[in-house]
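Chain by chain, the residues run as shown.
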Amino acid sequence: MGDTLLSVTNVTKSFTDVVALSDVSLEFHSGEVVGLVGGNGAGKTTLLRLLCGLYQPTSGNVQGRVNEEPVDIHNMREHVGVVPEATGLYARLTAWENIRYHSRLNGIDDDLAWTRTERFAKLLNFDQDLHRSTRGFSRGMRQKTALLRALSHGPDILLLDEPTGGLDVTSARMVRKLVRKLGDEGGTVIYSTHNLAEAEQVCDRIVIIHNGTVRADGTPSELLKSAGCDNLEESYVTMTDDVARTQTPDEEGTIARAWRRLLTRRGDANE
Amino acid sequence: MSKVRLRFSRVLIVAKKELVDFVRDWRTVLAMILVPLMIFPAIFIALPLFLQGEAAELSVYELTVEVQGELPENLSAHFDGRNMIIIQSELVVDGTLSEPGTDYNRLNSDDTEVRIHAILRLQEIESNASESWNYAILSDSTNELSYEAKTRTLEAVLAWEDDVINATLVEYNLTRDEVFDPIHWDGDQADADVASGGELAAMNLAMFIPLVVAMWTTTAAIQPSIDLTAGERERGTMEALLCTPTARSDLLFGKWLAVATVASVSVLGQMAGLLFAINFLIRGGIDVPSVSLGGILLLLLSVILFAIFVVAIELAVAVRAHSVREAGSILGPMVLVFIGPTLFAQFVNLQGIEAWWFILPVFNITLAMREALMGIYDPVHIIMWVSTSLIYAIGAIWWASKQFNREDLVESLS
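So the protein sequences, as listed, match chains H and L.
Reading the first sequence from the start, the letters are residues 1 to 271 in our numbering.
Reading the second sequence from the start, the letters are residues 1 to 414 in our numbering.
So here's chain H without its partners, still in its complex pose:
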C-alpha cells in the first residue's frame, strides 16, 4: 500500500434536514484504484465533492497529503483531476480548447498539456476529434474530453463521478481500460459507480456507501469474506438491506407545499 494521499476523518455532511454523509472515515493511498459503490443518493457524489474541496464537512476533517506533509484540501487542487458527472464542457469551444482552458488554470504550459492530451487521446481513440467543437458530441465523446481535461495537468489523484454512466459498451470499455492502465502505472483513481461488476473489474479496493454511511471497505475478496457470500452482488445486497432514504417533506418545495395546503383546505371546505 502506498502513502496516504487523502484522509477523511469522522466526516458528517448535512444539507438542511438531509444528512448526506454520516461519520465517514476513509483513507486513500497512492497507486490504488478505489471504487465508491452505492445507489442513487447514497452519498458518493457528496464524498467526491468533499474530496476535491467543493464542500466543507459539517463536522470532521478532510485532509490531503503532499510529499507526506499534511495540506489543506484546497491546496491539493493542483494535484487532483476531476471528472464530474455532468462533464461540464463549453459547447462553443473545441475539445482541445476545453482541455487547454483547464490546463492553463492549472498553470500548465500549452505544449506540455498537448503532449499529455495527445498521448491519452490515442489510448481513447479520440485524437482525431480534439479540434472539433464539442457541440453535438455524443455522451461518450464528452466523457472522453472531460477525462482528457482532468488528466492534462498530470494529477496525482483522479476523481471520477460515474465515468461510464450513459456510455455505450465500447466507450465504457475504453474508459475502464484507461482507468486500469492509470492504476497499473501507479496513479491513484477514486471512481464512483452504480455498477458493482465494473468496480470489481477495475478497482483494487471497493467502498460500499449506503444512506450516507460506509458499509464495507476492502478488496473484492475481503468484501466476499466479510459478507459470507460467494458473489459481490449478493454481498452488496446483504450489506445494504435497509430501505434507502426517502425524500424528506422539505424537498417537496415551498410552492408545491403551499398549493397542497391550499387544495387540502378547499377540499375540507367542500366536505
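It is worth saying that the hints were derived from the structure and are not from the lab.
Treat the hints with care, as some may be off.
Taking CB as the label site, the calculated pair distances span [to be verified]:
#1 Ser-59/L <-> Ala-91/H: 23 to 31 angstroms
#2 Asp-110/H <-> Val-380/L: 47 to 55 angstroms
#3 Asn-125/H <-> Glu-407/L: 35 to 43 angstroms
#4 Phe-344/L <-> Thr-58/H: 45 to 53 angstroms
#5 Val-66/H <-> Glu-407/L: 18 to 26 angstroms
#6 Leu-297/L <-> Arg-132/H: 54 to 62 angstroms
#7 Arg-132/H <-> Tyr-377/L: 27 to 35 angstroms
#8 Arg-132/H <-> Pro-333/L: 51 to 59 angstroms
#9 Val-66/H <-> Phe-344/L: 56 to 64 angstroms
#10 Asn-75/H <-> Asn-204/L: 35 to 43 angstroms
Here are some chain H residues pointing at chain L (derived, C-beta under 10 angstroms) [stated by the list, open to error]:
#11 Val-19
#12 Arg-104
#13 Ala-146
Just so you have them, the derived chain H footprint on chain L, three or more residues with Cβ under 8 angstroms [unchecked claim]:
#14 13 to 27
#15 231 to 244
Glycine residues also receive a C-beta, built at the ideal position from the N, C-alpha and C atoms.
Got chain H sorted already, so can you dock chain L onto it with the hints?
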C-alpha cells in the same frame, strides 16, 4: 511565477475564455455590438429618411376632392400645383357641414364611379370681414390617400384664409403684424441666448447620455451575467471549473472583467452610434456639443464606476439563481431599479442642488454625468460621487464574491 502574478494571469485566462465564448455566439455579437451601434442612427437618421420617403411616395398620387358649394376663385388658385383633381357639386346638407349624411358611403366605398378621396364643403356667411365662410373637410382618416387628400385640401384652405385675412386688414388700413403681433421680439431669439450652440448641444446630450448609459449598461450586462453564472450552473460547467486551483474570487474577477468588457463595448457602441447620428444632424444645422476634456474624463470615470457596480450586482444576483430561467426572471424586472432613479434624476434641478443627492446610489452617477456634460465642476460634488460610487462598487464586488463562495454553486435544478 509570484502568487500575485499567477492569480492575475488566471483572472485574464478566465476573462479571455469568456470573451472568446461570447464572440463565437452570433446572437451575442448581434445583441451586444450591432444593435447598440445601429439603434441611434436608426432612430435619428433612418427613421426620418424613411418617413420622408413615404411622404414623397404619397405626394405622387393624384387625388380627387369634391368641392360642394361655390368654389371661390381665390381658393381655386391654391389647389394648383397640389396634384389634385377638383370636382364641383351642389351643397346639400342637413345640420352642420361636418355631418357626412349620404356622403358617408361615397367616401367609404370603392363602388362609386369616380373614387373621391375627400369632400370640401363650403358655405358663405355674412360678416364684417371682406368675406367669411364655414367649411368642413370630410375624409376617412384610416385611409392613407383620403388622409393625404384632407391634408392637401386643408393646406389650400389655410393659405386661402391667410389671403382673406390680409384682404380684410387692407380694407381697414392695417398690417398683419399690427393686429397679430403688436408686442414683438426684435431680432433673432437665438442671438439673445448667451449660451453657445455647443453648450446647448451639450445640455441636450446631458438629457440623453445618463439614460443611455444606465439603460444599456444594465440591460447589456444581464445576458452575459446570467450565461456566466446560472448558465454555467445549468450546463454543469461550473463544477468542473471550481475544481481547478483557481480561487473563486479570481474566477469571479475574470467573469466580471469579461461581462464589464462586453457591457462597456456595448455602451461605447451605442454612444458611437449616437455621435454618428449627431454628426449627421450637425450637417443639418446642429452645433457640435462642447464638452471639456475634464468633463469627458469625469464622464468616463462615472461610466466605469457605474459599470463596476451594476455588473457586480447582476453577477451576484445571477449566481444565486439555480437556472437561466430563474436568473432571467429576477434580473429582468431588476433593470427598473437602475433605470427608475436615472429617469427621476434627469428632472432634478442642478442649480442649488442639495449635496446629499450625490451620495444616493444610481442618482449620484446620473447627476455626475449631467454635471460633467454641462461643464459644472463642483469639487464637493465630485468628491462625494466618486467616493460613494467607489464604496458602492467595492460593496457590490464584495457581495458578488460572497455569493460566489456559496457551497451550492455546484448544484443546479437540472
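Verification of the hints:
1. Ser-59/L <-> Ala-91/H: 23 to 31 angstroms: violated (54 angstroms)
2. Asp-110/H <-> Val-380/L: 47 to 55 angstroms: holds (53 angstroms)
3. Asn-125/H <-> Glu-407/L: 35 to 43 angstroms: holds (38 angstroms)
4. Phe-344/L <-> Thr-58/H: 45 to 53 angstroms: holds (47 angstroms)
5. Val-66/H <-> Glu-407/L: 18 to 26 angstroms: At roughly 24 angstroms between Cβ atoms, Glu-407/L and Val-66/H fall inside 18 to 26 angstroms, so the hint holds.
6. Leu-297/L <-> Arg-132/H: 54 to 62 angstroms: violated (47 angstroms)
7. Arg-132/H <-> Tyr-377/L: 27 to 35 angstroms: violated (57 angstroms)
8. Arg-132/H <-> Pro-333/L: 51 to 59 angstroms: violated (40 angstroms)
9. Val-66/H <-> Phe-344/L: 56 to 64 angstroms: For Phe-344/L against Val-66/H, whose Cβ atoms are near 57 angstroms apart, the range 56 to 64 angstroms holds.
10. Asn-75/H <-> Asn-204/L: 35 to 43 angstroms: violated (58 angstroms)
11. Val-19: violated (15 angstroms)
12. Arg-104: holds (5 angstroms)
13. Ala-146: holds (7 angstroms)
14. 13 to 27: Answer holds; 7 residues pass the 8 angstroms Cβ test.
15. 231 to 244: holds (count 10)
Figure legend: structure checked against the earlier numbered hints; hints not met, in rising order: 1, 6, 7, 8, 10, 11.
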